Amino acid sequence: MISCSEAVRQLWEYLDGALDATDRALVEEHLGLCRRCCGELEFAEELRRFLATSAHEDLPDEVMRRLNQTLEELGP
Amino acid sequence: MVGLRVGVTLESSRTDRRESFSNLARDQLPRLYSIARRLVGADAEDALQDCLLKAFQRFDQLNEPAAGPAWLTSILVNCCRDRGRAKARRPVEIDFDEVEALSLYRKIAYEDPFPYSDSLHLDFLGEFGPEDVRAVLLRLPELYRVPLVLVYMDGFLAREVAGMLDVPLGTVLARLHRGRKLFEKQMWDYAEQSGLLAGGAR
Numbered sequence: 005m006i007s008c009s010e011a012v013r014q015l016w017e018y019l020d021g022a023l024d025a026t027d028r029a030l031v032e033e034h035l036g037l038c039r040r041c042c043g044e045l046e047f048a049e050e051l052r053r054f055l056a057t058s059a060h061e062d063l064p065d066e067v068m069r070r071l072n073q074t075l076e077e078l079g080p
Numbered sequence: 212m213v214g215l216r217v218g219v220t221l222e223s224s225r226t227d228r229r230e231s232f233s234n235l236a237r238d239q240l241p242r243l244y245s246i247a248r249r250l251v252g253a254d255a256e257d258a259l260q261d262c263l264l265k266a267f268q269r270f271d272q273l274n275e276p277a278a279g280p281a282w283l284t285s286i287l288v289n290c291c292r293d294r295g296r297a298k299a300r301r302p303v304e305i306d307f308d309e310v311e312a313l314s315l316y317r318k319i320a321y322e323d324p325f326p327y328s329d330s331l332h333l334d335f336l337g338e339f340g341p342e343d344v345r346a347v348l349l350r351l352p353e354l355y356r357v358p359l360v361l362v363y364m365d366g367f368l369a370r371e372v373a374g375m376l377d378v379p380l381g382t383v384l385a386r387l388h389r390g391r392k393l394f395e396k397q398m399w400d401y402a403e404q405s406g407l408l409a410g411g412a413r
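So the protein lines, in turn, are chains A and B. Positions 5 to 80 (the numbering used here) are the ones given, in order, by the first sequence. Positions 212 to 413 (the numbering used here) are the ones given, in order, by the second sequence.
Please note that the accuracy of each hint is not assured.
To be verified - Derived CB-CB ranges, DEER-like:
1. R13/A - D377/B: 22 to 30 Å
2. V310/B - D27/A: 17 to 25 Å
3. E77/A - F307/B: 40 to 48 Å
4. G340/B - I6/A: 35 to 43 Å
Claimed, not checked - Quick look at which bits of chain A chain B covers, simulated, 3 or more residues with Cβ under 8 Å:
5. 12-26
6. 48-56
7. 64-74
Source of the hints: derived by calculation from the structure; they are not laboratory data. Since we're looking at a predicted model, the values are computed, not measured. By construction, the Cβ of each residue, glycine as well, lies at the ideal position given by its N, Cα and C atoms.
Working from the sequences, and respecting the hints, build out all of it.
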């Protein structure tokens with residue numbers, strides 16, 4: 005069985021679906037037996053969700069106006 | 212008469228070109244601005260202005276309208292990198308052995324910043340507002356920040372990012388790996404330094 009550090013190193017690739025079948029099976033075998041690494045996996049999932057949802061930046065009206073002005077002045 | 216007609220046709224085609232470009236760009240402005248804010252912070256508007264000018268100059272190179280959003284993103288990323296390079300003072304020294312060994316999950320569990328919490332790790336993430344996330348991102352070297360933002364925040368595939376940056380897929384995957392670890396380390400350092408953990412005894 006692979007070590008905890010080896011399993012943790014591959015968790016994000018595991019979540020990304022980027023591991024080949026052999027490595028995926030090794031990570032899953034480890035996760036089936038190691039409670040701490042399951043905690044690592046849950047946290048990696050939370051962190052991925054956090055990254056995907058937490059940093060959207062709204063475009064301020066004033067900036068939008070200036071950018072539209074740039075578009076209108078493009079040419080020829 | 213013929214000369215006049217050719218002139219009118221040319222003018223009409225230039226107007227069509229500008230209109231087509233403006234329509235594409237206008238739809239993408241909110242998304243592009245959000246990316247630029249994560250990549251260059253306060254320089255986002257300037258980077259986006261650079262992007263619009265460069266993209267319009269190269270608009271004839273866009274053959275497939277459906278590829279427009281990714282094409283604009285690619286130009287924006289390069290404008291952001293140009294601005295980042297112009298401002299970079301000196302390379303950041305990173306001890307990757309230390310970064311590789313860090314587990315933010317274990318760090319939070321051992322340090323226990325919220326002793327009365329039933330959901331320690333979620334509470335840690337909950338302390339970070341959008342401004343904090345942007346500040347953490349800007350602590351990362353651009354090399355790692357760009358793929359991290361594009362893949363995990365904007366939903367591009369790693370192979371699409373490889374195309375945008377003109378590097379092999381393996382390079383993007385390696386930078387993503389290091390970028391994630393660095394982001395975790397910087398989250399903890401930022402939380403400590405900016406007092407996010409100070410209200411822990413609640």
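How the hints compare with the structure:
1. For R13/A paired with D377/B, a C-beta distance near 27 Å keeps the hint of 22 to 30 Å intact.
2. The given range of 17 to 25 Å is respected by V310/B and D27/A, whose C-beta atoms sit roughly 22 Å from each other.
3. Separation of E77/A from F307/B is about 46 Å and conforms to the stated range, judged on CB atoms against 40 to 48 Å.
4. Between G340/B and I6/A the beta carbon distance is about 37 Å. The supplied range of 35 to 43 Å therefore holds.
5. Taking a C-beta to C-beta cut-off of 8 Å, the stretch 12-26 of chain A contributes 6 residues in contact with chain B, enough for the three needed, and the coverage statement holds.
6. Note: the stretch 48-56 of chain A has 7 residues with beta-carbon separation from chain B under 8 Å; the three-residue rule is met and the coverage holds.
7. Against chain B, the stretch 64-74 of chain A contributes 6 residues with a C-beta closer than 8 Å to a partner C-beta. That satisfies the three-residue criterion, and the hint holds.
The structure agrees with every numbered hint stated previously.
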